Amino acid sequence: MTLIDLANYDVVYRRPEALTNVQTHYCPGCTHGLIHRLIGEVIDELGIRENTICVAPVGCAVFAYNYFNVDGCEAPHGRAPAMATGIKRVMPDRVVFTYQGDGDLAAIGTNEIIHAAGRGEDLTVIFVNNANYGMTGGQMAPTTLVGQVTTSSPYGRDVELVGMPMRVAELISTIPGASYVVRRSVHNVANINKTKAAIKTAFQVQMAGLGLSMVEVLSSCPTNWHMTPDSALQWIEDAMIPVYPLGDYRVADAVEPLTKRRQPAHQQNGVTGG
Amino acid sequence: MAKELWKGNEAIAEAALRAGVEAYFGYPITPQTELLEYMAREIPKYPGRVFLQAESELAAVNMVYGAACAGVRVLSSSSSPGISLMTEGLSYIAGTEVPAVLVDIMRGGPGLGNIMPSQGDYFQMTKSLGHGDFHPIVLAPSTVQEAVDLTYGAFELAETYRTVVVILADGAIGQMMEPVVMPPARPVMTEEERADWALRGAKDRERRILTSLHMNAEGLERMNLGLQSKLARIQRNELRWQETMTDDAEVLMVAFGTAGRICSSVVQSARRAGLKVGLLRPISLWPFPEQRLLELAERVQQILVVEMNAGQMVLDVKAAVAGRAPVHFYGRLGGVVPLPDEISQQIDKLVSQPAGAGYKTGASNGFGHATVVPAGDARAEGRI
Amino acid sequence: MQLEIVISGFGGQGALFAGQLLAYAGMDNDKHVTWIPSYGPEMRGGTANCTVVVSDDPIGSPLVRQPAAVIALNLPSVDKYEGLVKPGGLLIYNSSLVERPVYRSDLRVIAVPANDISQEETSAVTGDAGDPRLANVVMLGALVQATDVLPLEAIEAALAAHLPQRHMRWLEPNRIALRRGAALATPETA
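Residue numbers (the numbering used here), protein chains in the order written: chain A, 199 to 472; chain B, 24 to 407; chain C, 701 to 890.
Just so you know, the hints here were simulated from the structure itself, not pulled from any lab data. A portion of the hints provided could be inaccurate.
Unchecked claim - Computed from the model, here is a short list of chain A residues facing chain B with C-beta under 8 angstroms: (1) Glu248; (2) Thr250; (3) Gly270; (4) Arg277; (5) Ala282; (6) Met289; (7) Asn309.
As the list claims (entries may be wrong) - Between beta-carbon pairs, the in silico distance windows are: (8) B:Gln368 / C:Tyr803: 25 to 33 angstroms; (9) C:Arg765 / B:Glu27: 28 to 36 angstroms; (10) B:Pro51 / A:Gly345: 37 to 45 angstroms; (11) C:Asp779 / B:Lys26: 31 to 39 angstroms; (12) C:Glu853 / B:Ala333: 47 to 55 angstroms; (13) B:Asp219 / C:Glu853: 53 to 61 angstroms.
From a predicted model like this one, the values you see are computed outputs, not experimental measurements. Ideal placement from N, C-alpha and C gives every residue a C-beta, glycine not left out.
Using the sequences and the hints given, assemble the complete structure.
Structure representation (structure tokens):
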């Protein structure tokens, strides 16, 4: 094998400095790694790596602190917004983000996210919705779709029994302290770019001290959905988006200028799954 | 320094401020609420320090966890039901080995119980403050001054061992006023003084990770062995207790906190009556002064443990004295504070019978009726 | 010397503050003191009481079964504490509000028309009908005079030091109330 002289090439792709040089534990085809990469790129672009603290959840992303090249810690299940509040309040000039799944944030951690939003904490929340509990092997989550078969809803989600899926972005958007609440998806390139732009805005909202920012990201879980990676991405589009429409649920007036200033997606670095 | 009259809850809060506490997170619950209210009023006068009322004790303890990970001096306070809710986070704090100080102003339980003084959290604090193998350092003041002094020193203790330190008091100490000499105010930590594990942002250094997660069994065992060796060091170095007239005591009382100070009144009246009664008042409940108890057990005739619960510390006393002396128990429940006269009656009963002569109970379940019951199940046996 | 005093009344009658005055005065005169309130879920209108212990020696129990002295600001307090006062102890009751006689014969009993005295003294300040706000201090004056726990001047000093700033115009009326209460009691005979 010969060494390549990089000077002769244009660099079109590199690992963001904000990601560590390790292999993730995520399943093949899972989009967690991709979302990690988007966050890593945003942290690099904003130049905040040395100033950022990551709060990992309990769930598939429990090891997130291993993948971000920033100071990190690991919160009890659902408590990341409270733990992040403790960190941010004692270091208001640092950037603090939580990375939470739908079991963590939408079930056991509803109290913590609602009140962090209520207080208008200057935190950024990346909320990954894959419609089930991934780490424990695919149980029903509050976000599980009607009729969706999981190991704890083996006959499909029964509305009579457990009610309708929870729409978290819509819920949080009603809280005045949450100034930027959007839902995005990573099932194709166009949406991946939109997701990255939203994550960037979310961090900028925090840096501007405008209150809580949350990006809900629809994410695939081929293993527990028992699908191929491709069909899982297709399922996001066909099954999830009709229940969880993409869009901006709250963009506070003060946040508007940040979304306008954003670069168009096509001018940004290329993105690929992590 | 001049003495000032302080209410226990407020004195503890002021002592924490003077110790350089940088952040307080809490939730209102009687009978500790004045502590939270004092912080709400006073902390805004110190720029850069943080007061935040959380939405629950669950959130409060996790805010503490976050601030502790940032390497700041952080405090929370609650009362028994709130502590139950905090145990998840406290286990994480113990597993992550970050320092934090917690005040428990105990009230009657179980369940919602009541708001009166109790010592029903002894087991929870010393034995099971969450899942997994750990013990916080548990310090039990018996006066407002002692509550101030223990709180003032608790932060350094927490930092030295990277552990949770609990100030375990009850509603009586929280609510009462006593003269106090406040310690001098210390400045808060500077950035240079921050611990070398604190999460402050990975500027000009490798990133840091604080977690209690160790997926590999051998790795978690190694972590636990390290934790246990730290706890063993604490057991060697951090024992605290106070003795009153134990030199020639024939009856040794063992009691902590409010029960301990009440028993000191009993010692005085017993001595006036010519009875050789002494008192060992554990101040550190974990670690527990078991070696000293064993020494005293060798030379006293009887031991009477007095608690405001159904008999919790008495199990540690029994374990410590290992049968060297008969251990009796007297307890009041439900927030009833035992008064000196009823404890004196128990002493009288004990000394009127020869040691170990099959001391019997007056009632089978007579906690609330001023009846001595020997500890544990061996109720018909004085010697346990 | 150790004296245990219970001060009891309706919420708002100043039982807790009177106890604090006693504790402050004791502390400032190099005594050991404890002050412990009853505390309950009622924020308004219930009964309030506190136990104050003043002693030459460190205080063990801050609570006693049989207090040496009781200040009863209302009838429920007399009902509650008459039976609890130590034999030979002192019961001071607010005769403006309590019309029934004290049944026990083994107590020193002092009847103090505290509301009436307060009404007179406050009326002198406000020019209207007056109010019972000084009743607690009137009663405290009787207690201090009737026991050798502390000199009356110690309570006056505590008043000056600890009366909330917004009430400072009431300092002199408080002093007068204290003296008028004291005038109704006679010192304890040894």
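Taking the hints in turn, this is what the structure says about them:
For Glu248 of chain A, the suggested interface contact is upheld, since its CB lies about 4 angstroms from the closest CB of chain B, less than 8 angstroms. Against a cut-off of 8 angstroms between C-beta atoms, the interface hint on Thr250 of chain A holds, since the closest Cβ of chain B lies about 7 angstroms away. Evaluation of the Gly270 of chain A hint against chain B yields a held restraint, the C-beta minimum of about 5 angstroms falling below 8 angstroms. The beta carbon of Arg277 of chain A comes within 4 angstroms of a beta carbon in chain B, closer than 8 angstroms, and the hint placing it at the interface holds.
Here the hint on Ala282 of chain A is kept, as its CB sits about 6 angstroms from the closest CB of chain B, short of 8 angstroms. Interface restraint check: Met289 of chain A against chain B, minimum CB-CB distance 6 angstroms, threshold 8 angstroms, status holds. Against a cut-off of 8 angstroms between C-beta atoms, the interface hint on Asn309 of chain A holds, since the closest Cβ of chain B lies about 6 angstroms away. Separation of Gln368 of chain B from Tyr803 of chain C is about 27 angstroms and conforms to the stated range, judged on CB atoms against 25 to 33 angstroms.
Judged by the Cβ atoms, the range 28 to 36 angstroms given for Arg765 of chain C and Glu27 of chain B holds: they are separated by roughly 30 angstroms. Evaluation of the 37 to 45 angstroms hint for Pro51 of chain B and Gly345 of chain A yields a pass: the beta carbon distance comes to about 44 angstroms. Between Asp779 of chain C and Lys26 of chain B the Cβ separation comes to about 37 angstroms, which falls inside the hinted range of 31 to 39 angstroms. Separation of Glu853 of chain C from Ala333 of chain B is about 49 angstroms and conforms to the stated range, judged on CB atoms against 47 to 55 angstroms.
The hinted window of 53 to 61 angstroms between Asp219 of chain B and Glu853 of chain C holds, with their beta carbons roughly 58 angstroms apart.
Violated hints: none; the structure is consistent with every hint.
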